Each structure stands twice: as C-alpha cells, then as structure tokens.
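Note that the numbering used here has the sequence shown beginning at -10, numbered continuously upward.
Simulated from the structure, these hints should not be mistaken for lab results.
Keep in mind that the hints are not guaranteed to be accurate.
[Claimed, not checked] With a straight-line Cα cutoff of 27 Å, these simulated BS3-like cross-link-like pairs (lysine-lysine) come out:
| # | residue 1 | residue 2 |
| --- | --- | --- |
| 1 | K56 | K89 |
| 2 | K119 | K(-7) |
| 3 | K49 | K26 |
| 4 | K119 | K56 |
| 5 | K152 | K34 |
| 6 | K48 | K26 |
| 7 | K56 | K26 |
| 8 | K89 | K49 |
[Stated by the list, open to error] Estimated spans, in silico, between C-beta atoms of each pair:
| # | residue 1 | residue 2 | range |
| --- | --- | --- | --- |
| 9 | G47 | G1 | 30 to 40 Å |
| 10 | S79 | A33 | 32 to 42 Å |
| 11 | K152 | Q61 | 49 to 59 Å |
| 12 | N69 | L94 | 39 to 49 Å |
Please read all numbers here as calculations on a predicted model, not as lab measurements.
We treat Cβ as the ideally placed atom computed from N, Cα and C, and that holds for glycine.
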Amino acid sequence: MVSKSPETLLKGSPEGDCQTLARTFKKVAEEYFGIEKITIESIAKPFLSEAGVTPYQGKKPNCDDGKRWFFQNHYWASWNGKIYDVLFLSNKRTEADMAKQVQPLTSMLMPEQEYYETEKGKIVYPIVNKYSTVEVSIFEKLKNFVNNLGQFFSNSMSGIINKIRSLFAQSGNNTSGFDSLMRELEHDKNNSAIANK
C-alpha cells in the first residue's frame, strides 16, 4: 500500500496504508476533538506478523496464503501511554518477527531472486505481490546441496535451479517437495559417480 495524506482519506478516498490511518487518526483527534500530544510511532524495518485479518473490510494477510502479514514498516498512534493501532483496531503493539536486513538479500534460488531472513528463523520471499516463508534450515540445506552438486551437474544447473524456484513458488513450506528433489538429485549424482568409475 502507498501512504496518502490524511486530507485525501478524509475526503473519502479509500486509498492509503497504516501510516495514512495513523496520521488521519491524529489529525481528527487533534483538530476536531482538541486532544493534544498524540505521536505517530513506527517499526521502520521489514517484519512478519501474525496479526490476522484486518477488522475493517476483512483484508487477508499477504503471506503464506493468508496466515500472516509481511510488512515493510508499520505505523500507529500513541497518546497518554496508550497505543492506537488503527489498521488492526487494537490497543496492543503488533508482535513482530523482525527481518535481519532493511534491504532484501538476493539468491538465484528464489522466484523473484530476493528474500529476507527473520530473527526467528524464517526466510520471507516475494511471489507476485504476495509473500511466502520457508524455514532458514531448509533454505540453507538447499543452498549447500546446490553448491555441492555444482561439480556433478554443471550442464543441468539451470534446470535444477528452475525446479527449486518452482517449489518455492508453489509454497515455501513444501518440505516434501524439496526432500523429493534432493533425493532425486542425490540418486542422479550417485549414478553419475558410478558411471565415471
């Protein structure tokens, strides 16, 4: 979503993001109700959240087929020691599994070649305007496996990488698909080693 001015939202435009909502909340509270000293706070770094569907208009989370949210940032209003998260209509701060990076990392294994690693051990990656996750351990296992296989399958590496991308695009937690691919490649590697003896 893109941040818009509070005035745009107050004029009836349905566009905006959590920053737009928080700034509009502040504007209405200060200018219409005379409540002073409202501050806008934020998480300025990408993160995963289990916050669920938004109460207003029931917007589903954008990650793992609606199971969680992946945000580039998040904004809320605070006043007198209380939090007002207007997006989730909550008085609690959104729990966050913070990304370890502000800018995405890159990998040829990912469908759109970029990803984030979170503090709680998830890899988050984009797939056509949505996000998916996979455990860091699975991703590291795949990276090591591909690196080790490079010497045996240098002619077919692009095909192997395309299969991995395809599995990530289906769903990051497709552990059985990854395991099956690794068994298939290990079998091919062993057959190749026997043939070269």
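The hints, checked one at a time:
At most 27 Å may separate the alpha-carbon atoms for a hinted pair to count; K56 and K89 meet this at roughly 21 Å. Among the hinted pairs, K119 with K(-7) is consistent with the structure: their alpha-carbon atoms are about 21 Å apart, no more than 27 Å. For the proposed pair K49 and K26, the alpha carbon gap of about 33 Å is over 27 Å, so the pair is violated. As the CA atoms of K119 and K56 are separated by approximately 12 Å, the hinted pair is consistent with the 27 Å bound.
Distance restraint check for K152 and K34: the Cα-Cα separation of roughly 31 Å exceeds the 27 Å cut-off, and the hinted pair is therefore not satisfied. Restraint check for K48 and K26: not satisfied, since their Cα atoms lie roughly 30 Å apart, outside the 27 Å limit. For the proposed pair K56 and K26, the alpha carbon gap of about 36 Å is over 27 Å, so the pair is violated. Between K89 and K49, the direct Cα distance comes to roughly 25 Å. Compliance with the 27 Å bound is thereby established for this hinted pair.
With their beta carbons about 20 Å apart, G47 and G1 fall outside the hinted range of 30 to 40 Å. Between S79 and A33 the Cβ separation comes to about 19 Å, which falls outside the hinted range of 32 to 42 Å. K152 and Q61 have their C-beta atoms about 30 Å apart, which leaves the hinted 49 to 59 Å range violated. With their beta carbons about 40 Å apart, N69 and L94 fall inside the hinted range of 39 to 49 Å.
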